[in-house]
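Chain A is already provided as a structure; the job is to place chain S on it using the hints.
One line per chain: the protein sequences are A and S, in this order.
According to our numbering, the residues represented by the first sequence are 1 to 480, in order.
According to our numbering, the residues represented by the second sequence are 1 to 516, in order.
It is worth saying that the hints were derived from the structure and are not from the lab.
Keep in mind that a hint or two might mislead.
Short derived list, chain A residues pointing at chain S, Cβ under 8 Å [said to hold, decoys possible]:
no., residue
1, Leu65
2, Ile145
3, Glu152
Just so we're clear, the structure is a prediction, and the values are computed from it rather than from any experiment.
Built from N, CA and C at the ideal position, the CB exists for glycine as well.
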Amino acid sequence: MIAWVIYVTFTGAVVLLFLPRVFSRWIALLTTVAGFAIGLTALFRDDVDLAHFTTIVRVPWVPMLGMNYHLAVDGISVTMVLVTGIAAVSTVLFSWDVDHRPNEFFFWLLLVVGGSYGVFLSADLFLLFVFYELVIFPKYFLIAIWGSTNKEYGAMKLTLYSFFGGALVFIGILVVYVTAGSLDLNQLAQFQFPPQLQSWAFPVLFLGFAVLAGIWPLHTWAPTGHVAAPTAGSMLLAGIVMKLGAYGGLRVAMNLFPQGFQIWSKWIAVLAVIGIVYAAAVALRQRDLKFVIGYSSVSHMGFVLLGLATANVLGVSGAVLQMFSHGVIAALLFAVAGRMIYRRTHTRDLDELSILGLSRALPFAAFAFVIASAASMGIPGFSGFAAEITILLGAWKSFPVAVWITGAGMVLVAAFTLRALKKSFFGDSQSADSFATEPITFAEKCGAGLVMFATLAIGLYPKLLLDRIVPAVEAMRFLK
Amino acid sequence: MSYLDLLKLASPEAIIALTALVVLAIGLAGGRAPVAAAVSAAGPNRTAGDTPDTTAAASHLCSFFAALGLAFAVGAVLMLPQHATLFGGMLVITPLTSLFKIICIALAFFTVLLASGNDSLRNHGEYLAIILLATIGLMLLVGSEELLMIFIGLELTGLSLYIITAFDKTDIRSAEAGLKYFLFGSTASAFTLFGISFIYGMSGTTSLAAIGQKLTATSAQPVLAVGIIMTLIGFAFKIAAAPFHLWAPDTYQGAPVPSAAFIASGSKVASFVVLGKIVLVGFGPVHGSAAWHAMIAGWSPVLAVLAALSIVVGNLVALAQTNVRRLLAYSAVAHAGYTLLGLVAGGRDGFSATLFYTTVYAFTLVGAFGVVALVRRETGSDDLQNFAGLSSLSPLLAGCMSIFMLSLAGMPPLAGFFGKFYLFSAALRADANHGLLWLVALALLGSLISLYYYLIVLKVIFMDEKAQPEILPARRRLGEGGSLLQQISLSVLAAIVLFLGIIPGPLVARIIAALP
Chain A
1 MIAWVIYVTF
11 TGAVVLLFLP
21 RVFSRWIALL
31 TTVAGFAIGL
41 TALFRDDVDL
51 AHFTTIVRVP
61 WVPMLGMNYH
71 LAVDGISVTM
81 VLVTGIAAVS
91 TVLFSWDVDH
101 RPNEFFFWLL
111 LVVGGSYGVF
121 LSADLFLLFV
131 FYELVIFPKY
141 FLIAIWGSTN
151 KEYGAMKLTL
161 YSFFGGALVF
171 IGILVVYVTA
181 GSLDLNQLAQ
191 FQFPPQLQSW
201 AFPVLFLGFA
211 VLAGIWPLHT
221 WAPTGHVAAP
231 TAGSMLLAGI
241 VMKLGAYGGL
251 RVAMNLFPQG
261 FQIWSKWIAV
271 LAVIGIVYAA
281 AVALRQRDLK
291 FVIGYSSVSH
301 MGFVLLGLAT
311 ANVLGVSGAV
321 LQMFSHGVIA
331 ALLFAVAGRM
341 IYRRTHTRDL
351 DELSILGLSR
361 ALPFAAFAFV
371 IASAASMGIP
381 GFSGFAAEIT
391 ILLGAWKSFP
401 VAVWITGAGM
411 VLVAAFTLRA
421 LKKSFFGDSQ
431 SADSFATEPI
441 TFAEKCGAGL
451 VMFATLAIGL
461 YPKLLLDRIV
471 PAVEAMRFLK
Chain S
1 MSYLDLLKLA
11 SPEAIIALTA
21 LVVLAIGLAG
31 GRAPVAAAVS
41 AAGPNRTAGD
51 TPDTTAAASH
61 LCSFFAALGL
71 AFAVGAVLML
81 PQHATLFGGM
91 LVITPLTSLF
101 KIICIALAFF
111 TVLLASGNDS
121 LRNHGEYLAI
131 ILLATIGLML
141 LVGSEELLMI
151 FIGLELTGLS
161 LYIITAFDKT
171 DIRSAEAGLK
181 YFLFGSTASA
191 FTLFGISFIY
201 GMSGTTSLAA
211 IGQKLTATSA
221 QPVLAVGIIM
231 TLIGFAFKIA
241 AAPFHLWAPD
251 TYQGAPVPSA
261 AFIASGSKVA
271 SFVVLGKIVL
281 VGFGPVHGSA
291 AWHAMIAGWS
301 PVLAVLAALS
311 IVVGNLVALA
321 QTNVRRLLAY
331 SAVAHAGYTL
341 LGLVAGGRDG
351 FSATLFYTTV
361 YAFTLVGAFG
371 VVALVRRETG
381 SDDLQNFAGL
391 SSLSPLLAGC
401 MSIFMLSLAG
411 MPPLAGFFGK
421 FYLFSAALRA
431 DANHGLLWLV
441 ALALLGSLIS
451 LYYYLIVLKV
461 IFMDEKAQPE
471 ILPARRRLGE
481 GGSLLQQISL
491 SVLAAIVLFL
501 GIIPGPLVAR
511 IIAALP
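Excised from the complex, chain A in its bound form (with noise of 0.2 Å):
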């Protein structure tokens, strides 16, 4: 049944090609809101095993290499599905407005978005890889063609990192593949490497999927990445694409390379910590608003890894809880700066806009910006506390002074969201008439609530997605 949210978005996506423009929207937004209702029912069923990553489908794909058409659920996965679905319905009814080449645009979004539905439901590695480089190329496409700042430079960029990055796992699993023969994940879990390889191994394929989730100092692509896109090309990056990274690690290296991992978790506890500290005190310092959110996802993604270095079921399961957090909350950050401020005003500086007094101009968009605000923060009440909160826990176990470290980050984190928050929408504005614009329409109000609704519904009742993530995390090879 899950299987089908692949199937349908990559329908959607051939379906636009051979459409006239006026249909784009709505198919894309048909596309992908079934996507959301299939995650969204696959959570709630239990006729599938959740606690162990259950095949789905299996059929033979090229028998003379051992390639399979595998596809496999677990809590994790079916948490990751959910989440792409809540951002990809967002993206698209924040890129409503979209009237250049519309079609393509949709074509692409629907790419990426099918690519990590793809990603998430794997079982086979070499299914996995084709899924994930699926995803970077549409990402050139959407940037270069309907970004803004710098956006070919962006998108090279990014799509070049997201490349190296690849060639990196590609590597990793040429090894794991003709080492133990096989490329079924579930059969490559039992597989006992030799330790050695492991030792390098686990490094290179570790390494190569955090690229695409933002690790220090292999950042730099995300910040100009996300500056440079379109509003649905920095949700999808945010909200999606830079968890596939996470994912592949935790998914593939970390599980595959029980060993290799041991060895190097705490290199990886350190490049997290510095990730998170570092990208905040650099986000300090922005006058791009979107340069200030592209460093918040660094930072935030940094507590991912941080909770995938701890090697604990409370760390891990908190990781994978933070990437469904920080999913929906980058979503709606760069919702509000990319289309309600930025289409709006033509400015993304903050020093400009604390003199607009945006928050009378645009009501509902300083009310959705103090959600998101608060939940990137951690404040209780909101997802981003939940995940946070069970991080730093388990992390409290592995390495005690990470967590007084990432305490101090966490200050700075609230620190620059706190400063964004003030200088874009409650700066001090003399003048009494504020700044006249059209207001804000209905399809961003919907996407604004959708995801507001997911992050507070999981800050006040995270047993939903824990209860599911937890039994997958504990079935993970390296726990035992």
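Just chain S now, kept in the frame of chain A:
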């Protein structure tokens, strides 16, 4: 064996030879354009002598008969028995040779379709006849396991290709390309012949299988090393591996587009098939090893060095190109490097990976040259800027070109991606200790670099809408469609590339089954 049996076994080649004669005759009957008049004339329209109508009709008829003959030849190949030998082992028929004969014929078929819309080629009949002769050369190459016959095939292919490279007599670059190709090619042939004579002297036979058995007894000797290296140099030239690639950029850029397409595809496929047979069957015992820190003398380190050089040189120089055909030429050098990886790895696995990759590459490149040909015909040049805004003028051409480019860059779900995966996994598996990892890592780094220049081409196609005003009207014509035939054949090629990426199984299975 009676002559009738011989004719049966050689029927595909015979059919094509006959077709070549028929096409030549039709071309002659349709009237030749006088060379002097055409060279002095500014444009191709001012042909003196026969009226343009009869010439055009004759050239269409030529294309039709050439295509028909090739189609019949495919049928004849399908009728061949599974295994047979001709002329006491001079030519063999195995599933492998039959498969690659079909592939060579298919490539020639697409080249003929590509050439059919090319107005700048006068004397269409002659042009097609020579392409058909080159195809016979390719089939001989593919179908022989005997050094002399291989040399004859190389020469027949080579001579035909030199001529069609220099065929556009109105373009000085075409003449330059032909001359360069000829000089480099004949030197390389001399090397090969020299090498072959050494091999013959060492082993006393020209049959590959027999050479393989003889070499087992002899240890590596300087004479043998000279023979092997000389032979390999000739093939390195054919496949345009660095540092023997210098002819490629000028030839790809200067030759008429269909000729360049055929040189880049058909000639390359056949050369890889033969090179693989020579090194794996003939030189099998002196394989050596190219593993890191564990190199053993033999031909595989030589090929590894060629591969590494080609990947580095091809990709780095391609970065600086502004002409699409030149860019494709340098990328061809890089792709020759990737393809060599499979041969370096050796074994059935490596060879089948090489064959799969080179086949996919050939179809991709014919397609890419097809797009270039259409753009060149309408805008007069194939510089990168002439592709600006192609996507809004002809979405079909832009879509096909992006499939070809992304496949060359190795993006899933296109055939180039699967080919690379297969090739690199074969290379890694060849050595127990991942000894070829250095070469695989280098190749991946090369693909990373190549993505940049392929994306630049696509960027120009999809994004740069402003072109110079003087070529605007021409670009509008391009939007209206070129000839339907060529658009269909390009779509078919794009579909092949997509299909082989999503469902590579059948071709892989066929190649593996065909290998002994």
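Going down the list of hints, with the structure as the test:
no.: 1; hint: Leu65; in the structure: holds (7 Å)
no.: 2; hint: Ile145; in the structure: holds (6 Å)
no.: 3; hint: Glu152; in the structure: holds (7 Å)
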